[in-house]
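Chemist: Sequence:
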Amino acid sequence: MKKAISLIIVFVSFNFYGQTLEQKAAEKACECVKKIRTLNDENYIECISKSLTESLIETDRKENFKKISTVDGMKNTLSEVDSIVKLICSIDQNALLEEKTKLYYRYSENLNATNSYKIGKDFMDAENYKLAIEAFQLALKNDSNFVLALDDIAMSYRKIDQYEEAIQFYQKSLDIFPEGDFALMNIAVVYNLKHDYKTSGEYYKKLIKFHPNYAEGYYGLGRSFAFLEDYENALTNIIKAHKIYVKEGSQYTKDSQQMIQIIFNEMKKGEKEKDFYRIAKENDVNTNHF
1 MKKAISLIIV FVSFNFYGQT LEQKAAEKAC ECVKKIRTLN DENYIECISK SLTESLIETD
61 RKENFKKIST VDGMKNTLSE VDSIVKLICS IDQNALLEEK TKLYYRYSEN LNATNSYKIG
121 KDFMDAENYK LAIEAFQLAL KNDSNFVLAL DDIAMSYRKI DQYEEAIQFY QKSLDIFPEG
181 DFALMNIAVV YNLKHDYKTS GEYYKKLIKF HPNYAEGYYG LGRSFAFLED YENALTNIIK
241 AHKIYVKEGS QYTKDSQQMI QIIFNEMKKG EKEKDFYRIA KENDVNTNHF
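Sequential numbering of the sequence shown, starting at 1, is according to the UniProt record's numbering.
Note that these hints are calculated values from the structure, not bench results.
One or more hints might be untrue.
Restraint ranges, calculated between C-beta atoms of paired labels, are given here [unchecked claim]:
no., residue 1, residue 2, range
1, N112, D175, 16 to 26 angstroms
2, N76, Y277, 38 to 48 angstroms
3, Q162, K205, 24 to 34 angstroms
4, E282, E229, 17 to 27 angstroms
5, K67, K130, 13 to 23 angstroms
6, T101, L193, 18 to 28 angstroms
7, K34, E202, 14 to 24 angstroms
8, G73, N286, 47 to 57 angstroms
9, K254, E58, 22 to 32 angstroms
10, N286, N112, 52 to 62 angstroms
11, S69, L131, 25 to 35 angstroms
12, E42, N286, 39 to 49 angstroms
Calculated pairs, BS3-like style, for lysine-lysine (alpha carbon to alpha carbon, straight line, at most 27 angstroms) [said to hold, decoys possible]:
no., residue 1, residue 2
13, K141, K130
14, K118, K198
15, K118, K172
16, K100, K254
Every residue, glycine too, gets a C-beta built ideally from N, C-alpha and C.
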């Protein structure tokens, strides 16, 4: 990426003409993506960077110089191109995420890191979290970008109620793999345990964004809204979770049913029964037993 940005800045000296930089780059990126047999995060970013570099030659110099003259400007431009690509280009986001998941949720290529990690997992299974933490620390000493070790050391800290340390390592994991469902789910849980329901909700929203079929994301977000006494948003999200649980035949269907009942009781106390029935109707929920 650094190399790509350097090349982009060099090309500013050329004469530019034509359509918007972001649009042209997005069109070129689409063509690049279509030629790739197995799309992953690395070659997708390469397509974006390469297309932006080429497009700088063909667009207005003054306008684009302002856009990319700072690091933030460059990041914003790349982000905008990415957004346009996803709108106009047929990209299988699920396949792309699946490739990233395979890339990050695997053992380290560093044998010492992997061996220490496996020892840590054994200690976790034995519920000896302090020794597990020591083993995971050794794993991370050998490979600081080992996502599985970051996630599990965070979980171990959570198990012994050291929430700040847990958050620290979950965040390190997300810095490497922002879409990681394990870290997103569990950092949200930790903030919930800290009674920081607003921040917890923000992480559940991210989980839903990247994993829209993940029922626990909606359920967790619904509970966060309920703790904040925003029962309308709580109900909407719990209903979404409930539908997924029902579709999957999940054992958690009873939990979501119970949560809907709790929300109904709270909305009834606040004389907002009409809102409950309205939201339920909008989401095709049978309300005969309420």
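Chemist: Are the hints correct? Go through all of them and say.
Modeler: To see whether the hints hold, each was checked on the structure:
no. : hint                            : in the structure
1   : N112 / D175: 16 to 26 angstroms : holds, 23 angstroms
2   : N76 / Y277: 38 to 48 angstroms  : holds, 44 angstroms
3   : Q162 / K205: 24 to 34 angstroms : holds, 25 angstroms
4   : E282 / E229: 17 to 27 angstroms : holds, 21 angstroms
5   : K67 / K130: 13 to 23 angstroms  : violated, 51 angstroms
6   : T101 / L193: 18 to 28 angstroms : holds, 26 angstroms
7   : K34 / E202: 14 to 24 angstroms  : violated, 35 angstroms
8   : G73 / N286: 47 to 57 angstroms  : holds, 52 angstroms
9   : K254 / E58: 22 to 32 angstroms  : violated, 59 angstroms
10  : N286 / N112: 52 to 62 angstroms : holds, 57 angstroms
11  : S69 / L131: 25 to 35 angstroms  : violated, 52 angstroms
12  : E42 / N286: 39 to 49 angstroms  : holds, 47 angstroms
13  : K141 / K130                     : holds, 17 angstroms
14  : K118 / K198                     : violated, 35 angstroms
15  : K118 / K172                     : holds, 20 angstroms
16  : K100 / K254                     : violated, 33 angstroms
Figure legend: structure checked against the earlier numbered hints; hints not met, in rising order: 5, 7, 9, 11, 14 and 16.
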